[in-house]
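> Residue numbers (our numbering), protein chains in the order written: chain A, 1 to 239; chain B, 1001 to 1191.
Quick caveat, the hints were computed from the structure, so don't treat them as lab data.
Wrong hints could be hidden among the right ones.
Once the Cα atoms are required to be at most 25 Å apart in a straight line, the calculated PhoX-like pairs of lysine-lysine come out as [stated by the list, open to error]: (1) 171/A to 125/A; (2) 34/A to 1090/B; (3) 1144/B to 1118/B; (4) 1065/B to 1041/B; (5) 34/A to 1115/B; (6) 207/A to 183/A.
Some chain A residues flagged as far from chain B (calculated, every beta-carbon gap over 12 Å) [claimed, not checked]: (7) 46; (8) 65; (9) 169.
To list a few chain B residues with every Cβ distance to chain A over 10 Å, as calculated [unchecked claim]: (10) 1080; (11) 1083; (12) 1106; (13) 1111; (14) 1127; (15) 1131; (16) 1136; (17) 1147; (18) 1168; (19) 1184; (20) 1186; (21) 1187.
The structure presented is a predicted model; accordingly, all values stated were derived computationally and were not measured.
Quick reminder that beta carbons are idealized off the backbone N, C-alpha and C, glycines included.
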Amino acid sequence: MSKSFFVDTTLCTACRACQVACKQWHDLPAEETKNRGTYENPADLSFDTYKLVRMREEVIGGKLKWLFFPEQCRHCVEAPCLDTAGDASAIYKDAATGAIIFTANTKGMNVDEIIESCPYNIPRKGPDGTLAKCDMCLDRVQNGLLPACVKTCPTGAMNFGERADIVALAKSRLFAVKKANPKAALLDTDDVNVIYLVAEKPSLYHKFAVASNAAFDITRQVALRRMFTPLTNIVSRLL
Amino acid sequence: MKVTRREFIQITGATAAGLAVSGLGFDLAPVKSHAQMLKTKYAKETTTICCYCAVGCGAIVHTSKRGDGRVINIEGDPDHVINRGSLCSKGASLKQLTENENRLTEPMYRAPYSKEWKSVSWEWALTKIAKRVKETRDATFKYKNVIGQVVNRTEGIASVGSAAMDNEECWIYQALMRALGLVYVEHQARI
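One chain only, chain B, in its complex shape:
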């Protein structure tokens, strides 16, 4: 490194100043020290219930008031009687339900023996599911069991969901499954 005379003076001058400051115990606090602004300052606040387990913790969703209305932050609701502002790791990651580039936004279909997933329309997917349910139910429906009692059930279909449904959705789902005659109604969190 080539040090010109001017630079040398600058260096030595700064060193002397540095020595003086550190030696005399001056506060080396930053020149500018002002309060930072919260990223949620201008956000809209909405309360919600965590979608995961049955504890039902309350959370506050901060959404942008400008344009897209995307989620800025989700954290525990301090006024909620269940959790008083706290959230577990799943609850603390609620924001990723919507703000996540890996989130699927359309139904995906993998044909039997295929290695590939492909995007399909909702209409195609729902029709396909309805047809399969009808087919399977018709083929496996039992009016009576082996000792002749009336059971009206299908043992060919099982349900394994869902942890992400709320109370009312669960009621509708359960009613549908029972109406179809399912007996294997489970919850994926228990498997």
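Just chain A, same shape as in the assembly:
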């Protein structure tokens, strides 16, 4: 049984405590930022930023709505990055939690292809070619603690627990939120372990809020690549 997050964006106030707590726990350095006319900062996820609260201003039904989306790795049930890497020493799935973990061995791999394979555009390349992203705070979870982002959330937008409990919670919250927001929906529930509840059209929140429909279907190309990845990895290392 894997672990899952439930992110209720209708409760999110974009305080960014999750973003700060993530940096704090992982001892990640600050980034130089500039005023881009939005509180969304830094501008994108990076090798040093695993979690980022996206903020969008949209006029919906004649009213200004400020949409918040705390973005992070979805820890896919069938992770395309893991398949693309094809090397369990670089990208593996933790059996007990379902966390998709990137190791230092991603260095020197087909990193651009791995980034390309992510339906949510999450992994980021470091200066030395290593990949980094959210690790579900696996060290905390394995020791009975909540991930840093969930622990710190003051509004209850971030939730974490056993997948069955989290899916049930997500469905009950969807039922409640739908009364006031008929467009409310859960995003890619069956495919991911980070389930978002949004009140408006997902694409308004973030370009990569939902995966494109094709992302999880194994195309012939992906199937072939999966077969040959062990070979290409060996060859790329020999080169």
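Based on the hints, put chain B in the right spot on chain A.
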């Protein structure tokens, strides 16, 4: 790339093994998968109250038990009645109050019309402040207002701090400001 016969066999062998493993649906889990150790495992835990706003959230400070006693981690206290373990973005960054290379550790002084800040001693800074306060207060102190009521105040000094003080510090600070006769006592978070 030159591939020797031996390397070629290695490559093809590994490919065949890879095909066999992925094709038969074997678990490609890591060879070594053991629980990671928490960075706070051997740390000393101390409870504290967040220094920022008036909500007064509780936090746990993890400090190193070895040598320097520096802060390893600060996070919300799950047993605290106010916040039950949560912290906002300011609270979540509490560690940086001490573990931050940009933190000032000594008083800085910028002389009038100067573009430069320079480090000064605490003694020099406090004496300078005391002298300026005395000078300004003496020059601007009013015993009575325009309609002759006794006011005993100075309108030449204003206070704009501080969000980083606790309840008791605020009391002492307020008492000092009122004793000096200040009427412009503000808080920087409201400006």
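> All hints are to be evaluated individually against the structure, with a verdict given for each.
Hints, one by one, checked against the model:
no.	hint	verdict
1	171/A to 125/A	violated (35 Å)
2	34/A to 1090/B	holds (19 Å)
3	1144/B to 1118/B	violated (41 Å)
4	1065/B to 1041/B	holds (11 Å)
5	34/A to 1115/B	holds (23 Å)
6	207/A to 183/A	holds (18 Å)
7	46	holds (18 Å)
8	65	holds (22 Å)
9	169	holds (17 Å)
10	1080	holds (12 Å)
11	1083	violated (7 Å)
12	1106	holds (22 Å)
13	1111	holds (30 Å)
14	1127	holds (36 Å)
15	1131	holds (38 Å)
16	1136	holds (36 Å)
17	1147	holds (48 Å)
18	1168	holds (26 Å)
19	1184	holds (30 Å)
20	1186	holds (25 Å)
21	1187	holds (20 Å)
Violated hints, in rising order: 1, 3 and 11; the structure is consistent with all others.
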